[in-house]
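Build the full structure now, drawing on both the sequences and the hints.
Protein chains: 2
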Amino acid sequence: METLRVGLLGLGTVGGGAARLLLDEPDRIARRAGRPVRLTAVAVRDPHKPRSIDLAGVELTGDAHAVVADPAIDVIVETIGGTTAARALVLEALAAGKHVVTANKALLAEHGPEIFAKARAAGRAVAFEASVGGGVPIVQALAVALAANQIQSLAAILNGTCNYILTRMTGEGLSYAAALAGAQRLGYAESDPTLDVDGTDTAHKLAILVQLAFETSVKPGQIARQGIDRLELADLTYAGELGYAVKLLALAKLTPAGLDLRVAPTLVKRGAPLAEVRGPYNAIRVVGDSVGDAFFHGRGAGAAPTASAVVGDLIDVATGRAQASSRVASLWADAAPARPLAPPSKIKSRYYLRFTIADQPGVLGRIAQVLGDLGISIASVIQHDSGDDAPDSSPVPLVIMTHHAIQADLEAAIALIDRLDAVHASTVRIGVED
Amino acid sequence: METLRVGLLGLGTVGGGAARLLLDEPDRIARRAGRPVRLTAVAVRDPHKPRSIDLAGVELTGDAHAVVADPAIDVIVETIGGTTAARALVLEALAAGKHVVTANKALLAEHGPEIFAKARAAGRAVAFEASVGGGVPIVQALAVALAANQIQSLAAILNGTCNYILTRMTGEGLSYAAALAGAQRLGYAESDPTLDVDGTDTAHKLAILVQLAFETSVKPGQIARQGIDRLELADLTYAGELGYAVKLLALAKLTPAGLDLRVAPTLVKRGAPLAEVRGPYNAIRVVGDSVGDAFFHGRGAGAAPTASAVVGDLIDVATGRAQASSRVASLWADAAPARPLAPPSKIKSRYYLRFTIADQPGVLGRIAQVLGDLGISIASVIQHDSGDDAPDSSPVPLVIMTHHAIQADLEAAIALIDRLDAVHASTVRIGVED
Numbered sequence: 001m002e003t004l005r006v007g008l009l010g011l012g013t014v015g016g017g018a019a020r021l022l023l024d025e026p027d028r029i030a031r032r033a034g035r036p037v038r039l040t041a042v043a044v045r046d047p048h049k050p051r052s053i054d055l056a057g058v059e060l061t062g063d064a065h066a067v068v069a070d071p072a073i074d075v076i077v078e079t080i081g082g083t084t085a086a087r088a089l090v091l092e093a094l095a096a097g098k099h100v101v102t103a104n105k106a107l108l109a110e111h112g113p114e115i116f117a118k119a120r121a122a123g124r125a126v127a128f129e130a131s132v133g134g135g136v137p138i139v140q141a142l143a144v145a146l147a148a149n150q151i152q153s154l155a156a157i158l159n160g161t162c163n164y165i166l167t168r169m170t171g172e173g174l175s176y177a178a179a180l181a182g183a184q185r186l187g188y189a190e191s192d193p194t195l196d197v198d199g200t201d202t203a204h205k206l207a208i209l210v211q212l213a214f215e216t217s218v219k220p221g222q223i224a225r226q227g228i229d230r231l232e233l234a235d236l237t238y239a240g241e242l243g244y245a246v247k248l249l250a251l252a253k254l255t256p257a258g259l260d261l262r263v264a265p266t267l268v269k270r271g272a273p274l275a276e277v278r279g280p281y282n283a284i285r286v287v288g289d290s291v292g293d294a295f296f297h298g299r300g301a302g303a304a305p306t307a308s309a310v311v312g313d314l315i316d317v318a319t320g321r322a323q324a325s326s327r328v329a330s331l332w333a334d335a336a337p338a339r340p341l342a343p344p345s346k347i348k349s350r351y352y353l354r355f356t357i358a359d360q361p362g363v364l365g366r367i368a369q370v371l372g373d374l375g376i377s378i379a380s381v382i383q384h385d386s387g388d389d390a391p392d393s394s395p396v397p398l399v400i401m402t403h404h405a406i407q408a409d410l411e412a413a414i415a416l417i418d419r420l421d422a423v424h425a426s427t428v429r430i431g432v433e434d
Numbered sequence: 435m436e437t438l439r440v441g442l443l444g445l446g447t448v449g450g451g452a453a454r455l456l457l458d459e460p461d462r463i464a465r466r467a468g469r470p471v472r473l474t475a476v477a478v479r480d481p482h483k484p485r486s487i488d489l490a491g492v493e494l495t496g497d498a499h500a501v502v503a504d505p506a507i508d509v510i511v512e513t514i515g516g517t518t519a520a521r522a523l524v525l526e527a528l529a530a531g532k533h534v535v536t537a538n539k540a541l542l543a544e545h546g547p548e549i550f551a552k553a554r555a556a557g558r559a560v561a562f563e564a565s566v567g568g569g570v571p572i573v574q575a576l577a578v579a580l581a582a583n584q585i586q587s588l589a590a591i592l593n594g595t596c597n598y599i600l601t602r603m604t605g606e607g608l609s610y611a612a613a614l615a616g617a618q619r620l621g622y623a624e625s626d627p628t629l630d631v632d633g634t635d636t637a638h639k640l641a642i643l644v645q646l647a648f649e650t651s652v653k654p655g656q657i658a659r660q661g662i663d664r665l666e667l668a669d670l671t672y673a674g675e676l677g678y679a680v681k682l683l684a685l686a687k688l689t690p691a692g693l694d695l696r697v698a699p700t701l702v703k704r705g706a707p708l709a710e711v712r713g714p715y716n717a718i719r720v721v722g723d724s725v726g727d728a729f730f731h732g733r734g735a736g737a738a739p740t741a742s743a744v745v746g747d748l749i750d751v752a753t754g755r756a757q758a759s760s761r762v763a764s765l766w767a768d769a770a771p772a773r774p775l776a777p778p779s780k781i782k783s784r785y786y787l788r789f790t791i792a793d794q795p796g797v798l799g800r801i802a803q804v805l806g807d808l809g810i811s812i813a814s815v816i817q818h819d820s821g822d823d824a825p826d827s828s829p830v831p832l833v834i835m836t837h838h839a840i841q842a843d844l845e846a847a848i849a850l851i852d853r854l855d856a857v858h859a860s861t862v863r864i865g866v867e868d
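As given, the protein sequences belong to chains A and B, one line each in that order. Heads up: the first sequence begins at 1 in our numbering, then just goes up one per residue. Heads up: the second sequence begins at 435 in our numbering, then just goes up one per residue.
These are computed hints drawn from the structure, not numbers from a lab. Worth double-checking, as some hints may not be accurate.
Computed beta-carbon distance windows for the label pairs [what the hints assert, rightly or not]:
no., chain 1, residue 1, chain 2, residue 2, range
1, A, 60, B, 705, 45 to 53 Å
2, A, 327, B, 505, 21 to 29 Å
3, B, 494, A, 84, 56 to 64 Å
4, A, 190, B, 777, 44 to 52 Å
5, B, 668, A, 221, 55 to 63 Å
6, B, 495, A, 327, 30 to 38 Å
7, B, 794, A, 380, 49 to 57 Å
8, B, 837, A, 190, 39 to 47 Å
9, B, 794, A, 381, 55 to 63 Å
10, A, 221, B, 612, 54 to 62 Å
11, A, 361, B, 705, 52 to 60 Å
12, B, 712, A, 1, 45 to 53 Å
13, B, 837, A, 380, 55 to 63 Å
Where a beta carbon is used, it is the ideal one built from N, C-alpha and C, also for glycine.
In structure tokens, the structure reads:
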């Protein structure tokens with residue numbers, strides 16, 4: 001059969017990994033794809049920069065637009081990242097009649113409607129397994145293998161950098177700053193880690209999973225988002241005493257009030273599979289109305305796991321499966337039966353609360369009364385003896401785990417409590433995953 | 435687009451679950467499939483038996499051959515089980531130009547070469563997600579999502595009945611017989627549980643996974659197989675003391691000596707995801723050369739999880755993805771690059787050994803010497819004080835965990851040790867998963 005000719009944009013971690021796999025394993029890939037898959041051209045910013053990868057027989061160019069326009073190319077693999085040049089090149093590729101494989105979650109999360117409208121108009125496939133979950137095949141699982149289900153909920157660890165930082169904070173008692181510095185030394189965090197640690201990257205990936213699982217188009221900006229960058233070690237420690245790990249979760253749940261979407265540090269019961277995900281791994285727990293609960297775990301990033309996803313997508317284009325999926329999936333389409341988003345005020349959750357209070361009698365009682373007045377009941381309390389050495393005037397932590405409460409009620413209670421004289425700092429609030 | 439017309443053979447747990455999902459969710463399934471998927475005819479042994487499912491508008495017949503031959507049907511779903519009638523009907527269906535969806539692991543494990551040769555000759559698809567792992571989409575994962583990888587190893591819990599029994603033995607200190615009786619009361623085990631507990635069902639499923647992961651056709655009879663039916667609670671307890679859980683694992687590993695295949699109770703380190711799989715769940719750990727380690731976990735059986743898999747396969751047939759996969763996948767084909775099987779004698783593993791010895795000085799030394807003479811080194815030992823009350827003559831257990839040893843050497847050592855006067859019963863040997 002005819003060779004599938006691949007044009008690759010970008011030769012960084014993702015692009016370099018995909019190029020290496022295509023060049024190292026042509027026989028295996030041809031067998032699985034039913035025809036040869038050949039890396040024909042690679043576009044990079046600087047084609048004269050020395051590279052560790054041997055691109056003999058592959059055209060190396062600085063002109064990405066030329067690769068996209070090249071009639072000798074069937075499919076474009078976009079790994080340059082960002083949303084400006086990548087958007088233009090992907091749209092050009094589709095207009096030129098090429099299929100697209102991309103690892104670019106920001107691009108799909110921000111420009112999904114435009115890109116998939118263009119793909120439908122051009123009759124071409126856009127495959128994006130590598131955009132979420134690294135090596136974990138969660139896109140295929142939701143789009144294909146679990147297609148018979150209405151997904152009820154998703155809970156996922158989608159950012160390996162954050163999970164690595166939280167694992168080290170918990171395991172070694174490191175501060176956030178120390179754990180971040182360690183992650184940067186090992187290459188698990190970038191020198192500017194903002195988009196990872198503030199939850200933006202996770203929100204991008206959640207927007208893609210929400211499209212697949214709930215046929216609903218959301219912009220990342222519509223997702224309530226909190227990062228790990230203001231987490232204190234103390235809260236991880238108290239959570240541990242209560243039997244919980246703290247994880248940065250992407251959460252999506254069908255509720256009577258609508259689709260509840262959040263990215264936030266969250267307490268997960270020890271022993272639950274998500275709580276036990278360590279280091280730079282990703283994991284996704286899916287509940288479907290037919291399949292029940294299913295759990296997927298694997299490497300979240302890195303050249304080889306992402307290459308597995310990108311080349312898997314190329315094999316899917318070569319066999320025609322990706323085109324069959326694109327024909328039926330109304331991804332980011334207006335016609336799709338979107339779900340309304342739940343107003344945050346109506347969301348119900350259990351909460352971990354840490355109050356900073358004066359070490360004097362009666363404070364716990366007053367806080368409990370405010371919570372009770374707003375219908376919030378208490379599941380457990382930690383208040384450690386501050387010790388005989390501590391001056392009576394120094395504030396002490398009071399940790400309360402609530403039963404299910406409506407977020408608006410909880411916020412009202414915290415506002416009242418934070419105005420009490422005996423409360424010395426803003427109350428820390430972290431949701432608890434069921 | 436044209437309706438996909440489905441003929442269903444069997445209306446037991448799997449067939450009934452699939453029928454219910456097709457009848458309850460036609461809109462959702464049509465949306466995901468790109469066209470209506472209609473349950474047209476159902477063949478059962480006794481069409482007059484009262485049923486809890488409303489089959490209004492569906493032809494119900496006692497003649498499975500007529501359904502298979504019916505030109506108004508596009509795809510046959512085979513859920514009758516067994517390998518005689520099922521084989522004949524599947525071959526007839528393919529000959530009549532129909533695609534086949536099956537949940538029948540015994541059929542594929544025993545007759546895969548014949549069925550897939552027929553499917554290729556007829557240009558039709560055979561889809562079988564429900565045959566392994568219940569709701570866990572491991573077939574799609576290996577065949578499609580991880581297609582860029584050479585799988586290096588698989589370790590899997592594929593029989594929910596066995597895992598339920600082992601979970602209760604470990605958690606509640608029940609004997610095998612008591613745990614089995616409990617599983618039977620709850621419907622997790624059949625009244626004749628032989629094929630589950632002796633490892634046959636797991637070996638059938640492993641044969642299918644080996645075909646997908648290693649392009650190698652093995653008969654279940656070629657897989658070294660040991661069940662859980664002779665496990666003693668004592669060994670689960672000692673394993674726990676050493677920090678391990680005992681699981682019935684299906685194991686497949688590429689080794690320098692060839693493809694090592696086994697079904698056996700195995701010690702898995704506590705904290706490893708496979709060790710933490712509880713109750714009637716299934717889980718599969720896959721290591722691929724590109725993706726690294728990936729882990730899949732979900733419900734192993736039951737009407738709804740299996741229906742998710744069966745209807746997922748029907749959606750794949752409706753979109754044409756299943757046909758695209760069948761065209762390229764050389765499943766159970768002679769042409770496929772099969773791997774030689776490793777001779778069991780050459781397999782290397784760590785081992786848990788329980789000796790039953792006289793409570794007298796020097797026995798541990800003699801056993802250690804035999805092991806040492808055969809190059810087997812000891813990682814840890816448990817020998818509990820038998821207590822002052824016990825008569826000196828009553829035998830005591832001695833538990834030894836070895837480092838990696840060649841199976842043939844270990845067997846020779848056990849044969850020598852079991853002939854020592856101070857050894858009072860056959861030594862128990864259980865492999866340890868790395």
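Which hint numbers doesn't this structure obey? 11 and 13
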